[in-house]
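Hey, can you piece these two chains together into the complex? The hints should help.
As you go down the protein sequences, you meet chains A and B in turn.
Numbering of the first sequence is given in numbering that gives the first Met the number 0, commencing with residue 0 and proceeding in unit increments.
Numbering of the second sequence is given in numbering that gives the first Met the number 0, commencing with residue 0 and proceeding in unit increments.
Just so you know, the hints here were simulated from the structure itself, not pulled from any lab data.
C-beta: ideal position from N, C-alpha, C; glycine also.
Zero decoy hints are in this set.
Among chain B residues calculated to face chain A with C-beta under 10 Å, some are: (1) K136; (2) Y180; (3) Y192.
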Amino acid sequence: MSFKSEQTMSYAPEKPENPSPKKRPPSWSDLWLKNTKPLKHVIFTMQLQSLSSPITPTTKNNSNNNKNTKSPKIPKTQIPISNFPKFPNPNFNYSKSESDPTRKLSDQTLLQILSKLPDSNHNSISLVCKRWLNLQGRLVRSLKLLSWHFLESGRLVFRFPNLTHVDLVSGCFFSPRNSGILLTNRVFSMHLGSGFSTKWNELCEDSLFPVEVIDRGLKMLACGCPNLRKVSVIGASELGVLSLAEECMTLQDLELHMCNDDVLRGIAACTNLQVLRLVGNVDGFYGSLVSDIGLTILAQGCKRLVKLELYGCEGSFDGIKAIGQCCQMLEELSICDHRMDDGWLAGLSYCENLKTLRFQSCKRIDPSPGPEDYLGCCPALERLHLHKCHLRDKKSVGAMFMVCGAVKEMVLQDCWGLDNDMFSLASCCRRVEFLSLEGCSLLTTEGLESVILSWKELQSLRVESCKNIKDSEISPSLSTFFSVFKELQWRPDTKSLRPSGVLGIVMGKKGGKFFKRERLFVH
Amino acid sequence: MANGENQNPNPNPIEATPGAAARTITLKTADGEIFEVEEAVAMEFGTVKSFFEDDAVSATKPMPLPNVSGSALSRVITYCRRSLEIRSMIPPATSEDATAAEAVQGEGDLEAEKAAKQERKEFEAEFLKDESNEDVKELILAANYLNIKELLDFLCRSVALRIQNKSVEYARKFFGIEGDYTPEEEAQIRQEYAWAFEGVDED
Numbered sequence: 000m001s002f003k004s005e006q007t008m009s010y011a012p013e014k015p016e017n018p019s020p021k022k023r024p025p026s027w028s029d030l031w032l033k034n035t036k037p038l039k040h041v042i043f044t045m046q047l048q049s050l051s052s053p054i055t056p057t058t059k060n061n062s063n064n065n066k067n068t069k070s071p072k073i074p075k076t077q078i079p080i081s082n083f084p085k086f087p088n089p090n091f092n093y094s095k096s097e098s099d100p101t102r103k104l105s106d107q108t109l110l111q112i113l114s115k116l117p118d119s120n121h122n123s124i125s126l127v128c129k130r131w132l133n134l135q136g137r138l139v140r141s142l143k144l145l146s147w148h149f150l151e152s153g154r155l156v157f158r159f160p161n162l163t164h165v166d167l168v169s170g171c172f173f174s175p176r177n178s179g180i181l182l183t184n185r186v187f188s189m190h191l192g193s194g195f196s197t198k199w200n201e202l203c204e205d206s207l208f209p210v211e212v213i214d215r216g217l218k219m220l221a222c223g224c225p226n227l228r229k230v231s232v233i234g235a236s237e238l239g240v241l242s243l244a245e246e247c248m249t250l251q252d253l254e255l256h257m258c259n260d261d262v263l264r265g266i267a268a269c270t271n272l273q274v275l276r277l278v279g280n281v282d283g284f285y286g287s288l289v290s291d292i293g294l295t296i297l298a299q300g301c302k303r304l305v306k307l308e309l310y311g312c313e314g315s316f317d318g319i320k321a322i323g324q325c326c327q328m329l330e331e332l333s334i335c336d337h338r339m340d341d342g343w344l345a346g347l348s349y350c351e352n353l354k355t356l357r358f359q360s361c362k363r364i365d366p367s368p369g370p371e372d373y374l375g376c377c378p379a380l381e382r383l384h385l386h387k388c389h390l391r392d393k394k395s396v397g398a399m400f401m402v403c404g405a406v407k408e409m410v411l412q413d414c415w416g417l418d419n420d421m422f423s424l425a426s427c428c429r430r431v432e433f434l435s436l437e438g439c440s441l442l443t444t445e446g447l448e449s450v451i452l453s454w455k456e457l458q459s460l461r462v463e464s465c466k467n468i469k470d471s472e473i474s475p476s477l478s479t480f481f482s483v484f485k486e487l488q489w490r491p492d493t494k495s496l497r498p499s500g501v502l503g504i505v506m507g508k509k510g511g512k513f514f515k516r517e518r519l520f521v522h
Numbered sequence: 000m001a002n003g004e005n006q007n008p009n010p011n012p013i014e015a016t017p018g019a020a021a022r023t024i025t026l027k028t029a030d031g032e033i034f035e036v037e038e039a040v041a042m043e044f045g046t047v048k049s050f051f052e053d054d055a056v057s058a059t060k061p062m063p064l065p066n067v068s069g070s071a072l073s074r075v076i077t078y079c080r081r082s083l084e085i086r087s088m089i090p091p092a093t094s095e096d097a098t099a100a101e102a103v104q105g106e107g108d109l110e111a112e113k114a115a116k117q118e119r120k121e122f123e124a125e126f127l128k129d130e131s132n133e134d135v136k137e138l139i140l141a142a143n144y145l146n147i148k149e150l151l152d153f154l155c156r157s158v159a160l161r162i163q164n165k166s167v168e169y170a171r172k173f174f175g176i177e178g179d180y181t182p183e184e185e186a187q188i189r190q191e192y193a194w195a196f197e198g199v200d201e202d
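Bound conformation, chain B alone (with noise of 0.2 Å):
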């Protein structure tokens, strides 16, 4: 059942302010680690919030992730604290009419929603720096999973920097793919890029 919380200590804990109701969830990944992730974290993951819509009842147990690893699921909870977190920094869209101290205002919130795009782009090229490439094939599979869309479209934009502009070589190394093309296939190939069509300007 529901280990406390001494198994892996949480990346980044939000210091639960005396007095606020944080709801934790609890999360168990393939190799038994257990997380207690703060509810609007933990909503962050398509396939947890659908779990908690559909039966409320189980707040208490844990959930279990069968196809996440804990370290992955750790770099994952990291991410959705921080992307909240950037998030929070620009107040809510003014829907009212404009009046003139409203486009002032408006003006603020440009400069948060600039501020707020800053600091992602840093985060996240410091999110990845380190990551190898194994890792991160391992963080888009469990983003898959979990179905994050900002986390995955994230991912795979990183993934597309990461092998753009390179050799087939390195696609296929970064993948761990092996080429399955006889040499005459692969000469066809070539051929057709060569000789047998262009792209097409749009007018």
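The shape of chain A in the complex, shown without the other chains (with noise of 0.2 Å):
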């Protein structure tokens, strides 16, 4: 994809008259980004002119070149981006008239009121007058961007100077405005207009905004929204999240869709980070490399760590070995569809604060873990959850069980090939406490029970959808068994309620919606 100089780009605000005042200290996102003069302009002035800012409008011209200079990739007729109407005068000044009488209410006392009004509200207030405007938007603390143009444009930045959420994945993608189809996976959605192409491998690539595009939409919110903890992004580069990191100091909960090695590259410089998701490859749709060199220097970079989940990364033994033993606060580690190399496993026992350990939509585990001496154990774990995954191989569970030997809660739902051998391998574990066993149908009752009469200290049992265990079943010492326990949830014959992964049941707060757009499931 190649784009033209930044003059012509679509997105860029034009240049004020006002040159910027104020001098910052070079930075690296300075020496990355050329021209980077007219941004700050805009931003300066912003800042600056905090309440009553006037933001220069993009001319009617920009909105034309809209359609010539994007992506060649772009079948015609998709529509990639709906065409505001010109900026209005942004004089925002507080009407000075004199038959305004809460004039008088300060803004304090008028936030208090604002603030007590429910969300449903905003669109009304919002609507009164440009004072309310302004004040119910410093009361937004979190929000999901649709339209790109929002950001770009500076009008989220200008409107919500307080925000500390920002989902920004669904916004990244050209979105046909009236688009009828939603595309959503268990990690992104996205509308599609009618013209898609059917190769799912571009789909995410060709409906992306440029990476240029994205960075600089980051810069702005970066530098407009100070207060930022939780931040989503896809398709961002390293310099996106350098300029999150150098303007954000509170910057905690960061999710980077389409992460590889090089984006990690900018983590770095998070040092406040606690909570970290990173997307490398999706299937179907796109596959970006996070491999040891990434999760290397993500573990040198952040090491306040607490909270960390891989979906479809690479790596290995020496990655995960790293994380151990630079993130010393980690305690929760998520591991979804992962591409790691065999042996990776042994790695866990370097995380020696390491209290729950999550693996969804796993496909294998570790076929190859290695000698059973250098698997070692997570010393601090508590907590192994089982979600959606192959068990079909003996040496994988049976590394994974030993390298979980010390947690105290199991749960287990929905796995495939869980049978009374495989688990059979669990019984290494001898301090659970709390087992939670959902859908797991080839499991019967002589193995669950084979199992969890050697576990002494199991107080907590839930048994639910598990359709190969069978009341009737039920030997004398297992019942003697169950009356000691403080807590048994007891339904194998129920039929699991909640639909197990079909995204598309959730309404949503817009339902009217629903009922307008046909909606596409890809698992």
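So this is what it looks like as structure tokens:
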């Protein structure tokens, strides 16, 4: 995807007349980004005249350039961006008319009133007058962006300067406005125009804004909303992440889709990061490589990490070991659909403070985990959750249970291949106090019994929708064992009430729209 | 100087029990009305409280309140008096070691608290029932100036209740605000709400 110089870019705001009065120390991003002056001018102007800031309008010409300078892969039938009307004269001064009695009401009092109004009133409140728009905007803390233009034009940071949670993922895609087709996957969702190609692999790449655009938007967001705590974005590069790191000291939670090793170079600057989710490969949509290199950079940069989720990431023993050794505060690790090299499980024993380990949608755990002696054990581990994983390989499962020998809580849900033999490998976890089995249809009562009778510390048991566990097969010793439990939920006959993984059933807030759009599910 | 109490009869005066030394504080409003208020009530007003804490001498001189009208002040005084009464219904919290006997008394406290809450609810509902929007606004300004946290919070809640789920025009009329958007600006805001973003559900 080639892009002409910034000047012809459709989203670049116009240069304002007044020059930037503020000087900033040079930063990494300055060196990397060329021609940042126009952007800086706009941002500083906005920062200085915070409340009544005149935003320079994009000219009408820009909206015409839209259609021509986009990536050539977009088919012509797709309308890339909605054409917003030309910017209003942003003379957002408070009404000075003598007839405004609310002048006497201080901002603080008005804010007190506005904060007690329900969320559904936001629209009407903003339409009352410009002062209310401004005050209401100051109250908004979290937002999900749907239209990139809203961010790029500066409207978002102007209207909502106090944002702490921002979800940009949906906004990073070209989205035809009146699209009737929603493509949703467990990781992201996007709207499609009717002219989309059926090559799923290219769909994402084609529909995503170019990396420079996303980085620029991130920088704008970071400068305009310095209180950001949580951001989700797709398709950023390390420059975008760097600008977040530089401007938002309070950034604690980051979700990076389409992440790769290069992007992680920027993460190292987010020293206060506590929660991180990296999405590397999404089957059928895009692939981006997060390998040991990225994991090591991450480990060395974000030492305060508490919760890490790796989705579709590669890597191996070395990467996991690095994380374990450097991120001493790591308490929760989630591995989803991983592509890691065999032998990685042993790296977990280096995570000395890890309390929760989650596997989700993993097609394999670790088919060749190495000699038992070198596996080690996660010393502080308390919870093991397996959700929709393939547990067909004995070596994998055995090694996993060995590494998790100290767990107190075990949750197995909708896992394939968990028969009696496989489950018997769990007997090495002697300290289990709570066990939950759901959707384990191969397990029988006998298999269950042979494992849990040896778990002397078991206090709570939950068995749901495991159709081969029959009440009739409960032995006397098992029922005596049950009687000492603090909590027992025994419903092996029930069908699982939760729709497992069919996302479209979630109506969402705008129920009305559910009926206007067809939904396309991709799992 | 200070006139007698004949200017404006105090609403709901608390009967001064003989022998009880009820210190009163004199307040003078913007329109020249004089109010004699029990000290306990007057200390609810943050502005008055800090004024007298700084300068203990002027208990005799009437304190000027240039931003508050007589009618507003009288309503405010009514509210604060009632509020104090309701608060005194709840016995002070016991802090020592909890014995069985005190646990029983604790239950009594809970009952008292519930009764007090109920009283407060009824009182608050009555208080603003007949007030016009103008009066409510005046009360807010008064409460804001006098720095009465409880009253201000209550008034803000009430105003929010009055304007919530109503139209834009209603809110404008209530506050007497003139809309200052051009048609394009208004259209832009509506578009933004429809297409540009949505709120995030907190996990």
